[in-house]
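Novice: Please build the complete structure, drawing on both the sequences and the hints.
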Amino acid sequence: MPLFRSASFSRTLSTLLSSLLILANAAAAFAGKEGGEAPGRILQNVQFQPPGHVEPPGHVEPLHFGMLLSAQGDVGPRDANSKQSGFDVTDARILVRGKLEKGWGYLLQSEFTLSAPILDLIIDWEAEETGTRISAGLFRSPYSGELLIAAPNLDFIDRSQTVRALAPARQVGLQLDQNLVGDVLVARVGVFNGEGRSTNSDSEFLYVLRLDGRIDCGDGVEFEYGVNGAYSNDDEFDRDYSSANSDVNTVLAGGDLRLTNGPIFFSAEGLYGSFTSSVFPNHETWGYQASVGWELSRLVQVLARYDSFTSDGLQEDRDLAIGSMVINFTDYVNLQVELRVPTRGEKPTPAAAGSLSVQF
33 MPLFRSASFS RTLSTLLSSL LILANAAAAF AGKEGGEAPG RILQNVQFQP PGHVEPPGHV
93 EPLHFGMLLS AQGDVGPRDA NSKQSGFDVT DARILVRGKL EKGWGYLLQS EFTLSAPILD
153 LIIDWEAEET GTRISAGLFR SPYSGELLIA APNLDFIDRS QTVRALAPAR QVGLQLDQNL
213 VGDVLVARVG VFNGEGRSTN SDSEFLYVLR LDGRIDCGDG VEFEYGVNGA YSNDDEFDRD
273 YSSANSDVNT VLAGGDLRLT NGPIFFSAEG LYGSFTSSVF PNHETWGYQA SVGWELSRLV
333 QVLARYDSFT SDGLQEDRDL AIGSMVINFT DYVNLQVELR VPTRGEKPTP AAAGSLSVQF
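All residue numbers for the sequence shown refer to the numbering used here, where the first residue is 33 and numbers rise by one.
Incorrect hints may appear among the rest.
Cross-link-like lysine to aspartate or glutamate pairs, in silico, EDC-like; alpha carbons within 20 Å at most [said to hold, decoys possible]:
(1) K379 / E327
(2) K115 / E327
(3) K134 / E161
(4) K379 / E348
(5) K134 / D190
(6) K115 / E161
(7) K134 / E160
(8) K115 / D351
(9) K379 / D351
(10) K115 / D349
(11) K134 / E158
(12) K115 / D190
(13) K379 / D349
No lab work stands behind these hints, which were simulated from the structure alone.
Specialist: This is the structure in structure tokens:
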């Protein structure tokens, strides 16, 4: 979230943006000769606008930019941490979003820690008067409340074990969002390849449905909820513990809630997965998390979570009690430290993790 206001940073950023615009105009001119056309946007909260508005042709507002940089350290056994002990750069993201005429828009987010750096690529169209939005491209599928929280806004360093194991995550496909009763009830329907960012290899699809909403209860109290389900029948299902299976019939279901009262919140989520394979016996996987948090001041927040995951023998079953503290050095720089204690097994060994982030 930090906003760099130095003159050198402004000059550097302005030079970079001017160069990008020159290249974009050249590419657009070339595309025009070839009969090509440039695409569109997704509507999300604006986080950052650089010095000097940049508004390319056809846009109805200036471009919006964002960045997330994170370095993480882990100490302890793998049965408590999701990684081996050591240090890692977990995020190096740059985001640009733009709003075009007649409800069209686009979002492009890159992640430079990945070999394929495109993390999100979204083209969308929105009709505000009817509460309708159609999105196409690569983005998070509408399954799991915690999955749909953007990385800079996560409560804990990592999403829960169950979300990481069962949620379909980012997929290539098409999604329709429709407000049924304002923000109180929204339907989200998606059809995806079901193979992450890859092209479809088996002519089968992943179908996802989510109903969620937000209710303002007054006096600073807000209630959010969601229920979701997904189905696919793939020749090869993209999960670490079943990717070797062929012709996998998958059914996913779950629900989540979040109650916020001023500086205090409570959240919970439960997910279930059933995998029917022509090669191996049927498997059922499930898990849940329950979390609380209290923002003691603008500088400090304390959190606790119980995170349970049962994989029916496909992966290691694991229950974790997690304590966490967030220290906000500025509005844009924060440090989060966690203590993770396994609660299954005869001699559980605690582990610790810390993440330092710069974001805007």
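Novice: Hint by hint, say whether it matches the structure.
Specialist: Hint check:
The straight-line distance between the Cα atoms of K379 and E327 is roughly 33 Å, outside the 20 Å bound, and the hint therefore fails. Between the alpha carbons of K115 and E327 the distance comes to roughly 28 Å, so the proposed pair goes past 20 Å and is violated. Distance check on the hinted pair: K134 and E161 sit about 12 Å apart at the alpha-carbon level, within 20 Å; holds. At most 20 Å may separate the alpha-carbon atoms for a hinted pair to count; K379 and E348 meet this at roughly 16 Å.
Pair hint K134 plus D190 does not hold up; C-alpha atoms about 38 Å apart against a cutoff of 20 Å. Taken as a hint, the K115 and E161 pair is broken in the structure, with Cα atoms around 46 Å apart against an allowance of 20 Å. Proposed proximity of K134 and E160 is supported: the alpha carbons are some 11 Å apart, at most 20 Å. Straight-line distance between C-alpha atoms of K115 and D351 comes to about 16 Å, which keeps the hinted pair within the 20 Å bound.
About 13 Å separates the Cα atoms of K379 and D351, which keeps this hinted pair within 20 Å; it holds. Between the alpha carbons of K115 and D349 the distance comes to roughly 16 Å, so the proposed pair stays at or under 20 Å and holds. With a C-alpha separation of about 8 Å, the suggested pairing of K134 with E158 holds against the 20 Å cut-off. Taken as a hint, the K115 and D190 pair is honoured in the structure, with Cα atoms around 11 Å apart against an allowance of 20 Å.
Under the criterion of a C-alpha separation no larger than 20 Å, the hint pairing K379 with D349 is consistent with the structure, at around 15 Å.
Of the hints listed earlier, those the structure fails to meet are numbers 1, 2, 5 and 6, in rising order.
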